[in-house]
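Got chain A sorted already, so can you dock chain B onto it with the hints?
The residues making up each chain are set out below.
Number of protein chains: 2
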Amino acid sequence: MINVGILGYGTVGSGVFDILRGNEKLIAERAGEEISVKHVLDLRDFPGNPVESVLTHDFKDIETDGEVQIVVETMGGLHPAYEFVKACLEQGKSVCTSNKALVADFGPELIQIAKDRNASFLFEASVGGGIPIIRPLQSSLSPDDILEISGILNGTTNYILTEMREKGADFDSVLKDAQALGYAEADPTADVEGHDACRKIAILTSLAYGKNVDFHEIYTEGITKITDRDIAYADKMGGKVKICGSSKKVGERVSAMVAPVIIYPDNPLYSVDGVFNAILVKGNMVGDVMFYGQGAGKLATASAVVSDVMEAGKNIGTGVPVQWTAERLSLVPLKESKSRFFVRMAGTKDENEGKVQDAFGEVEAVDAGFSDEYAFVTGEMSEAAYEEAVQAVGAVINKIRIS
Amino acid sequence: MINVGILGYGTVGSGVFDILRGNEKLIAERAGEEISVKHVLDLRDFPGNPVESVLTHDFKDIETDGEVQIVVETMGGLHPAYEFVKACLEQGKSVCTSNKALVADFGPELIQIAKDRNASFLFEASVGGGIPIIRPLQSSLSPDDILEISGILNGTTNYILTEMREKGADFDSVLKDAQALGYAEADPTADVEGHDACRKIAILTSLAYGKNVDFHEIYTEGITKITDRDIAYADKMGGKVKICGSSKKVGERVSAMVAPVIIYPDNPLYSVDGVFNAILVKGNMVGDVMFYGQGAGKLATASAVVSDVMEAGKNIGTGVPVQWTAERLSLVPLKESKSRFFVRMAGTKDENEGKVQDAFGEVEAVDAGFSDEYAFVTGEMSEAAYEEAVQAVGAVINKIRIS
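One line per chain: the protein sequences are A and B, in this order.
Sequential numbering of the first sequence, starting at 0, is according to numbering that gives the first Met the number 0.
Sequential numbering of the second sequence, starting at 0, is according to numbering that gives the first Met the number 0.
Don't take every hint at face value.
Unchecked claim - Heads up, simulated BS3-like pairs for lysine-lysine below, C-alpha to C-alpha not over 27 Å straight-line:
#	chain 1	residue 1	chain 2	residue 2
1	B	Lys235	A	Lys166
2	A	Lys59	A	Lys37
3	B	Lys248	A	Lys24
4	A	Lys24	B	Lys281
5	A	Lys313	B	Lys210
6	B	Lys24	B	Lys398
7	A	Lys248	B	Lys297
8	A	Lys313	A	Lys334
9	B	Lys114	A	Lys210
10	A	Lys281	B	Lys281
11	A	Lys297	B	Lys247
12	A	Lys281	B	Lys297
13	A	Lys24	B	Lys114
As the list claims (entries may be wrong) - Selected chain A positions facing chain B (Cβ under 10 Å, derived; list incomplete):
#	residue
14	Gly14
15	Ile18
16	Ile133
17	Arg134
18	Pro142
19	Pro267
20	Tyr269
21	Met284
22	Gly286
23	Phe290
24	Pro320
Bear in mind the hints are in silico, worked out from the structure with no lab data behind them.
Quantities reported herein were computed from a predicted structural model and do not represent experimental measurements.
For every residue, glycine included, the Cβ atom is placed at its ideal position computed from N, Cα and C.
Same shape as in the complex, but just chain A (with noise of 0.2 Å):
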């Protein structure tokens, strides 16, 4: 029998719990063992809750159980969770957690512990929710080298989208019903300024290398300036606007980013609408796969946990090996990372046609019907050469990368 013991019982950890009691049979049959909650830990009370007899407020029954094998962390944040972590590992306990802060932040440090103490640290519920691909990306993906990921990462900014596309409303407006239906939270900024999706593209680059990626060096823009107009743009141009997490090898650095683009309908990620999430890799031998579900959701979530611990449980005294050191992985700047641009300026055609040609080169022009701007999109260029472009042209209303 595997002890387990859960740090926080809120919408996941209540998951974990749930599934493990809930598909017990199956799961016990499938790990080869039995697989038990020995302690819940959680501040609070839940009276008349079947977690009840397990439930402890006190992290150090937990720590200095030695039966407990496994320990899940499903509390979020930075601190106490990182402190608990370690502890555990630390004690040759294994953990698994869905906790993405923790993982970008502090992700080779607790791999390396884990792997001295021949204890597992597992995180695939940390992106994507319930959608396989943290395992897939080590192991089934191993004989490739990985030349690009993009993914819909964040599935608050998807659903915000897709409905502005489909009902033609708002940002404001769609944020608002988001945060009605429970897709967004009370302060939705992780979610709409793409700090969230940083993250996550942060740990599949690391993951994809086997070096680390600091995310604070991620270029990180959200979906908050994105309009009805540019969304009408999108549509005109038979695309449609999403933000993705990319990261693209670039000989030997590689270019990381999250930022509305436009897709066309030739990529797979065109059709992921919603809240669900897609996480498209490009192999060098498999060429293109796509892995996607639900990026978010309790059970779902949960469900990634629960096979983090599974998988723990069988490799129990030897540790499951991550390959993600703290070797500092380079991205290639900003200024040198190429696309093309949707860009839209403030006046007639009349008026830009002209200077915007002499800036920028030839130009595809873009007509959505707006008579007082004029939309057109690059040829490929360095974010460089487009602000130096801009610079010459004075200043436009939006612009958005093409994918």
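Here is chain B on its own, set in the frame of chain A:
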């Protein structure tokens, strides 16, 4: 160092050879050990080809070489692949294969032999080419009770149906084009009649429930009867015709089938076009997850084989457990299987409407502008009830199930 023998230097076998050489350094790093091809068995000679130095015409060279720990079987066909694989496993060697016929026919027996020798029998490449599906189904989704699997499992037929829709062309002419492009074989029977997809859904279903599905028991219908009119009707209904392999849990039994179906845009398989494959899995906790990629192709398929080789290599002496026993999985008989049906009958609406309503009850008529026939969609009914109703109304031109 791990020594590998490859049985068969055809498309996939030479791809495995190329990847093990081309990504050699990266593979050694990730596998923690060098992986080297010691023998390649093929009856042909390859003068001037890099394989020449390790080529053998005699299976015994591999079977009796104690240094060969892993054998790759990429010969295809049942015999002598079965005898060779069995002999290698009995020697305690692990075997990785891309041969779906072998796996569908002899899976449980070969898995058991491997288990008895603490070796591995792995077959990621047998379904979905380079798409990671077998391992995610066995590990990432292991906390879940699998409720449903449905997949576009054959690239040739998906290409044909996509071209028929996009070009308004008929089956025969698209098949000829596909053959010219190398997307369809000279004898396309196994693809267009659904036999290939049938073996694949049998493998996935066996793995999902740990018991053996006899693929002969799965009702299988190909796409040879699909015409441009069927596709025009599907279009009119807002759907697409796809050939899907599917299985669904119904109490303690499973309902499985390979057949053309009409699917709508709310199904993630809807946007899987051309030669791409995708597998949608519904778990009781994780909800819908989908795996998408190239279902065939030399390097994509070979990449999946090499991922198995690396996995087998990490588990020398213990073997990778695969949950699929010889115990028979009970399938729901076809006549009890339920769906909605799209049905086309010769004759006008006036000639048919009354008798159709008498036989099928309320139906939705579909008008795609063909005045010489009457088409409609039934409510959900069993195959037996459908057959009975058809007896009452007379022969139909075609029917397609609705997903």
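Practice task
List, from low to high, the hint numbers that the structure doesn't satisfy.
Solution key: The structure breaks hints 6, 8 and 9; every other hint is satisfied.
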